[in-house]
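Protein chains: 4
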Amino acid sequence: MIRVGIVGATGYAGEELIRLLLGHEKALITKLVSRTFVGQFMEDVYPSYFGYDLPRFEKASKVELASECDVVFFASPSGTAWPWIRDLISINPRIKIIDIGSDLRLKDPLLYKEWYGYEHGAPELLLKSVYGLTELNFEKITNAGLVANPGCYPTAVILAFAPLLHFGLIGVDSIIVNALTGISGAGRALSQGYHFPECNENMKAYGLLRHRHVPEIEQELNIIGKAIGRDEPVCLSFTPHVVPLNRGILITGYGDFRWDKAKVSDLNIKPDTLGLTQLYKDFYHGKKFIRIRPADQVPQTKAVAGSNYCDISIRADERTGRILVMSAIDNLVKGAAGQAVQNMNLMFGEPEDTGLNLAPLWL
Amino acid sequence: MIRVGIVGATGYAGEELIRLLLGHEKALITKLVSRTFVGQFMEDVYPSYFGYDLPRFEKASKVELASECDVVFFASPSGTAWPWIRDLISINPRIKIIDIGSDLRLKDPLLYKEWYGYEHGAPELLLKSVYGLTELNFEKITNAGLVANPGCYPTAVILAFAPLLHFGLIGVDSIIVNALTGISGAGRALSQGYHFPECNENMKAYGLLRHRHVPEIEQELNIIGKAIGRDEPVCLSFTPHVVPLNRGILITGYGDFRWDKAKVSDLNIKPDTLGLTQLYKDFYHGKKFIRIRPADQVPQTKAVAGSNYCDISIRADERTGRILVMSAIDNLVKGAAGQAVQNMNLMFGEPEDTGLNLAPLWL
Amino acid sequence: MIRVGIVGATGYAGEELIRLLLGHEKALITKLVSRTFVGQFMEDVYPSYFGYDLPRFEKASKVELASECDVVFFASPSGTAWPWIRDLISINPRIKIIDIGSDLRLKDPLLYKEWYGYEHGAPELLLKSVYGLTELNFEKITNAGLVANPGCYPTAVILAFAPLLHFGLIGVDSIIVNALTGISGAGRALSQGYHFPECNENMKAYGLLRHRHVPEIEQELNIIGKAIGRDEPVCLSFTPHVVPLNRGILITGYGDFRWDKAKVSDLNIKPDTLGLTQLYKDFYHGKKFIRIRPADQVPQTKAVAGSNYCDISIRADERTGRILVMSAIDNLVKGAAGQAVQNMNLMFGEPEDTGLNLAPLWL
Amino acid sequence: MIRVGIVGATGYAGEELIRLLLGHEKALITKLVSRTFVGQFMEDVYPSYFGYDLPRFEKASKVELASECDVVFFASPSGTAWPWIRDLISINPRIKIIDIGSDLRLKDPLLYKEWYGYEHGAPELLLKSVYGLTELNFEKITNAGLVANPGCYPTAVILAFAPLLHFGLIGVDSIIVNALTGISGAGRALSQGYHFPECNENMKAYGLLRHRHVPEIEQELNIIGKAIGRDEPVCLSFTPHVVPLNRGILITGYGDFRWDKAKVSDLNIKPDTLGLTQLYKDFYHGKKFIRIRPADQVPQTKAVAGSNYCDISIRADERTGRILVMSAIDNLVKGAAGQAVQNMNLMFGEPEDTGLNLAPLWL
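Chains as they are written, first to last, in the numbering used here: chain A, 60 to 422; chain B, 60 to 422; chain C, 60 to 422; chain D, 60 to 422.
Be careful, since some hints might not be right.
Where chains are identical, the list cannot tell them apart; a pair therefore holds if satisfied intra-copy or between any two copies.
Claimed, not checked - As a list, the in silico SDA-like pairs of lysine to any residue whose alpha-carbon atoms are at most 20 Å apart:
{"hint": "1", "residue 1": "118", "residue 2": "139"}
{"hint": "2", "residue 1": "285", "residue 2": "377"}
{"hint": "3", "residue 1": "85", "residue 2": "111"}
{"hint": "4", "residue 1": "172", "residue 2": "377"}
{"hint": "5", "residue 1": "329", "residue 2": "89"}
{"hint": "6", "residue 1": "320", "residue 2": "282"}
{"hint": "7", "residue 1": "347", "residue 2": "112"}
{"hint": "8", "residue 1": "347", "residue 2": "110"}
{"hint": "9", "residue 1": "85", "residue 2": "413"}
{"hint": "10", "residue 1": "166", "residue 2": "82"}
{"hint": "11", "residue 1": "346", "residue 2": "112"}
{"hint": "12", "residue 1": "187", "residue 2": "60"}
{"hint": "13", "residue 1": "347", "residue 2": "336"}
These are calculated hints, taken from the structure and not from any lab test.
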């Protein structure tokens with residue numbers, strides 16, 4: 060059995076991780092670390108766990124964590140994980156670590172100052188960690204000890220745009236992404252804006268121009284672009300919105316369709332919706348959790364709820380010369396805990412879908 | 060593998076059954092029968108099943124069903140299943156059948172005329188079938204070939220009141236039950252009242268005085284009462300309400316607390332909330348899916364969502380001399396498809412929880 | 060113009076009061092008192108008021124309030140209003156006061172200790188104040204200077220049961236009330252249970268056995284009973300539930316139907332649903348905001364949302380010998396601010412519906 | 060009194076129109092025309108109107124309508140209004156008509172064939188009618204007999220972009236609009252996608268690339284552009300999404316910021332968010348129902364719910380060189396019935412806000 064420790068288990072991503080691991084035949088939760096709920100049980104925080112046999116929340120001893128766990132997940136606030144990760148590795152260099160938070164995602168430490176407002180004290184971890192977008196970095200994750208689990212929006216955006224960048228079919232300076240999220244994405248902490256009567260029957264944008272996921276998305280899309288020799292950096296407009304439901308992220312992305320006859324001929328597709336759809340199917344061939352929807356369907360969050368799927372659909376708009384690409388994920392599963400388990404599976408030589416074979420809940 | 064056929068797979072109970080069976084290691088869905096969607100796939104009706112390998116919906120051949128399935132589930136409208144069930148059994152007497160609908164639930168065929176408005180043509184099936192409230196009829200179900208899966212409300216109401224009737228602690232003429240259901244309980248068929256803008260931000264009672272689940276609840280509570288020699292029939296007031304959410308049933312029940320010193324002394328409890336709570340725990344000891352909540356907690360539908368649990372809590376109200384009992388289930392799981400799977404497990408010698416070890420989704 | 064002051068204007072009842080008064084042709088808001096938001100504007104707390112010309116929130120000077128207002132509404136937490144009310148009256152005996160909170164509702168000061176947990180320091184106000192259930196105390200309110208605006212649940216419960224008690228048609232020891240409320244009823248203050256993801260898609264009971272509205276309901280129903288010479292006190296079971304929507308209270312009440320031939324003959328009705336419905340219509344004849352729904356309809360919160368209506372419907376259940384009565388109100392309007400305005404109208408000689416002629420919002 | 064007839068009164072826009080007119084001191088509803096509900100009352104379709112004194116639905120006699128009404132509103136399906144409108148005008152040339160539907164909105168009859176799929180048989184009406192976006196066509200509407208009430212999305216989009224086009228600050232070939240709507244926007248007709256359990260807890264895009272509001276938006280933005288001598292046509296990408304709430308439209312629009320020193324100097328603004336915000340305030344100066352939100356606020360649908368406001372906010376994004384503009388309306392009020400009443404007011408010489416002075420409902 061894989062012995063699992065979780066730091067920050069009482070947040071929504073941590074809670075989802077526990078839900079998934081309880082159904083994972085090879086994982087055993089041995090340590091639950093929490094600052095706030097020391098001595099309490101999961102069922103004291105989430106009544107759904109009434110009667111479950113889970114360890115008590117405890118103050119973290121790094122030595123214990125490092126020695127009694129094969130893998131430690133971090134689901135803790137920005138800027139709090141990296142000192143722990145550094146120390147755990149120094150205590151036990153073979154321990155595997157998956158940070159569901161944001162402390163390992165950006166390669167350039169200066170970006171933490173600019174976008175997160177804090178000084179990152181362990182830049183060496185940034186270089187060492189693998190960006191855990193499973194479908195795109197499969198091999199690297201398989202061999203990794205340290206994985207930066209992607210943000211929820213970046214997961215949905217990067218999966219949606221990756222084929223376009225990989226095949227050079229989009230103007231990288233023209234990418235605009237509109238995103239919708241359910242309220243669980245805002246986390247468990249109370250705030251007036253997420254008090255039921257104030258977000259029920261409401262919708263609004265937030266994080267305008269400066270959402271923290273912007274540099275993460277740009278970084279990863281740039282990597283794809285560079286791999287085919289294109290050096291212009293992505294210039295992303297990204298506007299997230301909150302809508303009154305619990306689970307789900309829906310991405311609607313736009314960009315200029317850049318196709319030239321030669322390239323399209325090389326790819327052996329027609330430059331239309333059907334051609335692009337086929338290209339997406341080929342690109343994600345064999346990727347179990349990516350479902351390319353045909354041209355008469357749209358991704359919708361209900362079709363992926365509770366599951367690890369990312370549904371994607373693509374359109375070529377002849378009228379405007381633009382591409383429209385949409386994707387849907389469950390922000391707590393493929394957008395957080397599910398992808399973390401998927402990465403854990405790879406890191407431990409398990410099939411990627413162990414513990415993740417959950418059909419979506421339509422209702 | 061248990062070869063499974065489902066008649067009426069495209070309704071909400073049928074859909075949930077498929078979701079659960081896809082995660083059941085011993086079950087294989089071999090036949091999906093539908094009148095309306097012949098030739099189509101599950102994913103054509105429910106986009107969440109995109110990419111799943113399930114048989115096409117077909118018009119039913121009874122001979123095929125009876126010979127190619129080990130068990131057939133019926134999730135079809137009232138009055139449509141019993142002719143089929145009769146024929147299947149006559150073709151293959153060893154076939155096992157679980158009716159998630161209402162065609163086998165009432166022992167007295169006249170009640171079908173009175174409450175459902177149709178003449179039941181196979182009263183012999185009513186006598187032969189076992190009422191599938193798993194926790195109360197465990198042995199009988201284990202040996203049954205024909206199971207009447209309980210209604211959603213009856214499951215929650217009977218489990219909540221059973222200990223009170225079993226121990227003779229309630230006035231059977233005083234039982235009043237208020238029930239709340241999410242909208243999935245109304246099924247997949249369209250109607251103005253369940254058009255989103257008209258039931259969102261609304262609540263109302265329905266089925267006043269004459270809901271079809273009344274005779275089913277009374278029948279089963281009377282059986283429990285008679286087993287301890289009490290012949291007065293239960294006289295139930297039952298008022299269901301629809302509230303704007305998808306999953307869940309919440310029961311709030313009232314009755315006069317009938318305790319005499321002798322009885323309470325026999326039971327070795329104090330006649331208060333703590334005493335009753337202990338009595339409930341004892342009554343349901345070893346029943347994995349029944350969780351008795353202590354006196355500082357209340358059942359809530361979110362704590363059971365997506366799972367097969369029934370959460371129950373009991374209060375003695377000294378001020379009024381009444382008992383207050385509450386229960387919560389997921390109407391689609393313990394209230395329909397989950398309990399059906401639980402019954403199938405018993406009928407095939409499997410542990411009752413195979414395929415049902417799903418932690419509730421708090422979010 | 061009626062010069063209006065509001066103490067506690069930033070809570071949900073206060074906010075609704077402002078919304079209604081802005082459409083009231085005879086009222087002018089001159090003072091907004093708040094502890095927390097001194098110096099700010101309504102639009103700083105509720106973005107919907109952007110651009111409205113309302114006075115700044117200020118720390119309260121009792122002398123100013125008493126001299127610059129014709130009426131002061133209190134929408135402040137339990138136990139905080141009575142010292143103010145006492146002082147305002149002593150400064151200006153002719154000032155009119157309407158307490159939307161609970162500080163004037165119970166006639167017996169000991170009940171405050173028992174149900175609210177504090178010592179009420181001005182019992183003389185309790186005797187002096189009129190209970191502001193407009194339809195039942197029309198004359199008294201017209202002549203009152205001091206009105207205790209009823210609680211939201213009591214409004215719906217008392218209006219639903221009043222005719223039954225007035226005509227002696229119900230066993231007063233048999234009254235059971237199940238209540239549902241939208242989340243605005245829980246107020247603006249943050250708590251984990253009303254964080255969107257935790258109450259969305261959830262339902263549960265709360266305030267079991269000991270909700271503060273119990274003594275208020277019993278007090279007023281007893282007054283009605285005594286008026287026809289019946290001295291047995293009402294013994295009420297009352298269970299409120301929260302359901303995931305914003306506005307609305309729905310009451311479902313039960314009681315033993317007590318009719319004797321003589322009485323029914325006196326009343327000249329048949330002892331059935333039609334007879335009782337007619338009795339209700341007669342009882343509330345001329346009461347504009349009470350709508351008695353016929354036997355083929357049920358009250359629903361959507362039909363009263365945003366309006367001052369109370370919809371009521373009654374059933375006689377021959378099978379059980381019980382009465383079923385339902386009512387629906389908008390908790391913020393008829394259950395709080397609307398009824399407060401209705402009372403103000405009476406106190407100032409205005410038609411009761413001035414400023415309240417708002418058709419419900421079905422959508 | 061203005062005698063009002065409504066054709067199509069039972070749809071959601073018609074219902075909202077009745078709600079608003081009931082509070083309009085100068086309007087009297089004299090005719091309600093319906094095909095489906097002839098002989099019934101509004102309260103038979105919408106229980107909220109129980110007890111209201113409204114005329115029965117009747118089959119339409121054009122002669123009666125034309126002679127007994129001063130104004131007729133059409134809230135009927137696409138393609139059904141224009142034959143009526145043509146006939147009413149020919150019977151009574153002085154009758155005033157406001158089409159809340161789409162039959163008068165597009166100036167080019169060929170666009171009806173292309174986008175609506177039907178042949179428009181009265182192109183002369185298209186030329187004669189005034190596009191009823193009140194704030195932009197104030198004078199024309201005041202003098203009009205025939206008004207094409209704008210679509211819900213076009214109202215929000217055009218109001219949001221008008222200043223940018225008027226001042227030439229945006230690349231007209233770069234406009235991308237993402238839109239969110241509540242479910243009331245889909246109307247009263249039943250469909251599986253708007254059955255509560257299937258759209259609750261879901262979000263998805265619809266009408267991809269070809270939504271009928273595209274040509275309407277392009278037409279009106281082009282008019283603004285041409286007025287300042289710019290002939291390049293707007294090329295709009297427009298993607299609407301449904302989210303699970305009742306009321307509201309939220310627009311998030313993008314475009315390239317085109318400023319040259321000369322122009323910005325002419326306008327006397329800084330080319331940043333503050334400068335643009337000031338420009339918007341100036342542009343909409345005196346327009347009561349347009350509220351420009353400052354740079355630290357965002358439009359949100361809750362802040363306009365039930366009211367006729369359009370809230371707008373603008374950002375200059377230096378990082379990307381793009382403009383971000385957002386607007387929020389209540390789709391049933393400013394997006395349909397409210398704007399129709401506003402237009403009626405102008406056409407009859409009333410203040411534009413008569414009957415529309417309704418504070419938004421935050422709760």
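Each hint, compared with the structure:
no., hint, verdict
1, 118 to 139, "within (14 Å within a copy, 41 Å between copies)"
2, 285 to 377, "neither (28 Å within a copy, 25 Å between copies)"
3, 85 to 111, "within (18 Å within a copy, 24 Å between copies)"
4, 172 to 377, "between (42 Å within a copy, 19 Å between copies)"
5, 329 to 89, "neither (53 Å within a copy, 39 Å between copies)"
6, 320 to 282, "neither (25 Å within a copy, 36 Å between copies)"
7, 347 to 112, "between (32 Å within a copy, 13 Å between copies)"
8, 347 to 110, "between (34 Å within a copy, 9 Å between copies)"
9, 85 to 413, "both (8 Å within a copy, 17 Å between copies)"
10, 166 to 82, "neither (33 Å within a copy, 39 Å between copies)"
11, 346 to 112, "between (34 Å within a copy, 16 Å between copies)"
12, 187 to 60, "neither (26 Å within a copy, 46 Å between copies)"
13, 347 to 336, "within (17 Å within a copy, 47 Å between copies)"
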